[in-house]
Amino acid sequence: MAAPLTLLLIVAVTIRAVLFRSSLAELISARVEVVSPLNAWKRVVEGLALLDLGVSPYSGDVFHEVTDGITALALYLSIQTYNKDVFRKQKYALESDRYSADCLELLRSPKEMFYIPLKVAMFYLLNPFTILSCVAKSTCGLNNAIIALFIFCTLKGSALLSGILLALATYQSIYPLTLFAPALLFFLQRLYIPVNLRRSSFWFFTLQYAFMYVGSLVVITGLSFFLLGSWDFIPSVYGFIFSVPDLTPNIGLFWYFFAEMFEHFRLFFSCVFQINVFFYTIPLSIKLKEHPVFLIFMQIAIISIFKSYPTVGDVALYMAFLPAWSHLYRFLRNIFLVSCVLLACSALFPVLWHLWIYAGSANSNFYYAITLLFNFGQILLVADYFYAYLRREHHLTHGLYLKKKDGTEATLVLK
Amino acid sequence: MGLLSDPNRRKALTGLLTRLNTPICIVCYLAGIVWFMGLAFEPFTLRTYMSENAMGSTMVEERFSSGERALSLAKEFDAHKRKAGGMPVEWLVKAMQSRGLEVFTQSFSRKLPFPDENKERYMVRGTNVYGILRAPRAPRTEALVITAPCSPGNTNNQAVALLLALAQYFRNQIYWAKDIIFLVNEHDLIGTQAWLEGYHHTNITGMEYSPLQGRAGSIQAALSLELSSDVITSLDLVLEGLNGQLPNLDLANLFYAFCQKLGVLCTIQGKLQRNDWDTAEGYTHAAQTMMLMVLKQACGRSWGDHGLFLRYHIEAASVRGINSFRHYKTDATTIGRLLEGMVRKLNNLLERLHQSYFFYLLPSLSRFVSIGYYMPAFGLLAVILLLRVSFPGLCHCFSVSLQPSSPGVLTVLTPVVISHLTGVALYLLPVHLQEMAVEHFPVSETEAVVLTAIAIYTAGLALPHNTQRLLSGEGTEQGWKVLKLTALLYLAVLLGCTALINFSLGFILAVTLVPITASITPHMPKALYAVVMVLLSPAFTILYCVFIYQELIEAPVSVSEGWMLFLSVISQGILDHALYGSLVYPLLALFIYPCWLMFWNILFWN
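Heads up: the sequence lines are chains L and X, in that order. For the first sequence, numbering that gives the first Met the number 0 gives the first residue as 0, with consecutive numbering after it. For the second sequence, numbering that gives the first Met the number 0 gives the first residue as 0, with consecutive numbering after it.
If we strip away everything but chain L, and leave its shape as in the complex, we get:
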């Protein structure tokens, strides 16, 4: 499997190198869908800080291509580990007769799962969104790399490294904080500690992991203070993320609302919007506590839809996971509609931007309509995969052909 992966990496690097050298590079780095104030601004702060030490990490294209390569490699290895895990669990479940008799066609075979890690890497590297992010020199590539490494370390079972990488990801933008819950659930499952609030073993491990995570976060923050010499960066960076002062249009939901509302209500609506990102962790963790890796996918998707300054690079990260759930295809109901919506919106973003800013014939409502439609498509995609996953689990335990009490065929509806 190394040869196809190497070929894939070479193709990906070539595409990016060609685009970097072409005249499209400046055009792409000016697009609001690809670069947000957060990605560009932070670069200034951190780059300046490290520049004082004589290191300039954000110059040049090689840096961004390398981060993309690291992300792809980390995802490849994570999905390989995950597949081995899944297959092992399936074997145990079959041996202990936990599956019903007629769901043999739902079981996964190694042959079907063989190419999935390569497809995941391909989905990430050859995704036009990732290529655009890389060519625009957005720091989104670095965020994605750290989250991918975090997933890799979690799946390999190393709690300390996972805590450190999660702290790094949280340090860059607060939202990966919500990934603490799925990582914790994964470790608990791996160490066979039942998720029961009355058991002391649960609290013991939770505190250990939390200590590692919070400790790394404190160390990193302290290091920043030491480098910059003041605590100013905390309100500037995290305050910026939470209070959303910059209303440049992007593919997210915040800018239009906050441009319309009165100052008096700004705090209230900021709180409502930010709680929306963090809130879904609790019900999703309760429902998906047996399936932490799927929970990680859902969390990353929710972060990239509801965060304050999303870009297409964030979308590319959770889309890379989709081949891992290709066995759910038969239960997906709206995949065609969703792909058409996402494709059409991606094409319409630059058109309506042009009509608004350059031709002056449209206004912000048109651009926001496409933003809303794009986010609707993403939410529908995530909800569809959630439904398909739960439905497959239901069929595995209750049989594929469901019968109502009087013997007629039943249909399963998510209400």
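Incorrect hints may appear among the rest.
What the hints assert, rightly or not - A few chain L positions that, by computed beta-carbon distances, are all more than 12 Å from chain X:
#1 79
#2 85
#3 101
#4 274
#5 335
#6 345
#7 398
Said to hold, decoys possible - Output of the computed footprint for chain X on chain L, the stretches with three or more beta carbons under 8 Å from beta carbons of chain X:
#8 288–296
#9 337–344
#10 347–353
Unchecked claim - Pairwise CB distance ranges (calculated):
#11 55/X x 29/L: 35 to 45 Å
#12 37/X x 102/L: 35 to 45 Å
#13 209/X x 224/L: 51 to 61 Å
Derived from the structure by calculation, the hints contain no laboratory data. Cβ atoms here follow ideal geometry from the backbone N, Cα and C, with glycine treated the same way.
For chain L, the structure is supplied; the task is to place chain X on it using the hints.
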């Protein structure tokens, strides 16, 4: 979300779509055409009205009276133009300075990618002369532009002279709140492009120009004047700009209001408005006017010097004086008064014109069709593509192609890549290979470029027979269905985006492309269908538009003349793209033609 999650309702809907798919498609197509033609019918249109409050009532009295002086100035300008053999820069500078303007010049040069045979130029060098009339008591933040082109020969002398006379008259008034720039540009659109790029500090077309020494603030509106005779019978308004962009409708309303006030005959597309909308001739007249506007908008050229201003969000229109055989003649003083009135109204603007429509069609000057009324015509055509896409046979093959085991996606990839590479060749090669073509064949550069483009276009038709051999054993039923699905979605998105920016172009392409692409399968009679496909391909669409345009302007051409016109249209399209950034040629070469090639591939799927 009942429809999306309830399986029973979904089954009912998909059943309906399966049974009635073809009848619905045919009905939609006919409905779209009928809707579009019905737009010219007067009861379906709205009367134009002034939307901007600041330009409300026309209560001022125009007092311009130097029409005769302007005409004698025209003769002087003509003499100096002949003596200088181009633009009489010193004379213009002195004339403007003596009228109290701040005068500046800008020199520019541009080498065209290949010689322009219509205007007979290749290496263009020129000078623009402009004078700024500073507003006496206002801060210098906004400006208006009045421009007249300096054309070779006998044309537009009166326009420049009227410009100077207006400048002298305006200088003596105290009510100006904005600076007024009087621009005389050389080499029509190239000069205007150089001036605009210099004014806005951009360089999007590779023009070389000297930087502007004097500037006046953000330009709110511009008027271009073309006048070639001492008396006129009517004034024609030209609105279509680059890439089919139109100025705000308020500008057209302003022109119409002043023509009514001063009793000047005004036309649009050269046609006078008729009152008998309920007769067949009346309707055809309005339909012809509207079709002319659609054709002019679709070709993406700027039909007057004003067209390049629109890109910078400056509302601009061209006023053209026409001298034909009518009894009632209008003299230069009245034209001067009309322009004075319009500029005084524009002077009152508090903000840029934005209240009225930016997207409209004009069957006559006093009636308009807004985007809300004409977009459903395009929508009905686009719906056909979406109905075809959701045709269950195709939908099923989409699901099969996403299964991990089938090779669906890869079979589609090869025709798509090859079609797009052909499109890139069609875009890049004609201009780059012209020297080689001129060496080997006895043609001029322009002919070389155009004939290379046609050759590459025709060579693309031979492709299906070769790509099929490259894909060994991929001639499955599934393969062409996946390709058709992809191509239909691609065409739908492409036409949608085109119609948003330039409705006329999107509609014309939809009318010719949608019927063949929706109904194409490899199982049809290949020879007949191939002929039909070629006859409805983008190149032939351009040819038909040329013939229809000539019919509509009442100058019908024979087949050979039409063919020469067609070749010149292609060369103008390529030049417009290189000189001014028109998007029609890249759109057709890089996107529409590859899409059409993908359908051609489906027809010849073995």
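So, going through the hints one by one against the coordinates:
1. 79: Answer for residue 79/L: holds, closest chain X Cβ roughly 16 Å.
2. 85: Holds, since 15 Å exceeds 12 Å.
3. 101: 20 Å, holds
4. 274: Consistent with the label, residue 274/L stays out of reach of chain X, its closest Cβ about 24 Å off (over 12 Å).
5. 335: 6 Å, violated
6. 345: 9 Å, violated
7. 398: 18 Å, holds
8. 288–296: Result for this restraint: violated, n = 0.
9. 337–344: Three-residue rule met by the stretch 337–344 of chain L, so holds; n is 3.
10. 347–353: holds (count 4)
11. 55/X x 29/L: 35 to 45 Å: Since residue 55/X and residue 29/L have Cβ atoms about 40 Å apart, the given range 35 to 45 Å holds.
12. 37/X x 102/L: 35 to 45 Å: Cβ of residue 37/X to Cβ of residue 102/L: about 58 Å, so the range 35 to 45 Å is violated.
13. 209/X x 224/L: 51 to 61 Å: The hint (51 to 61 Å, Cβ to Cβ) holds, given that residue 209/X and residue 224/L are roughly 54 Å apart.
Consistency with the previously given hints fails for numbers 5, 6, 8, 12, ordered from lowest to highest.
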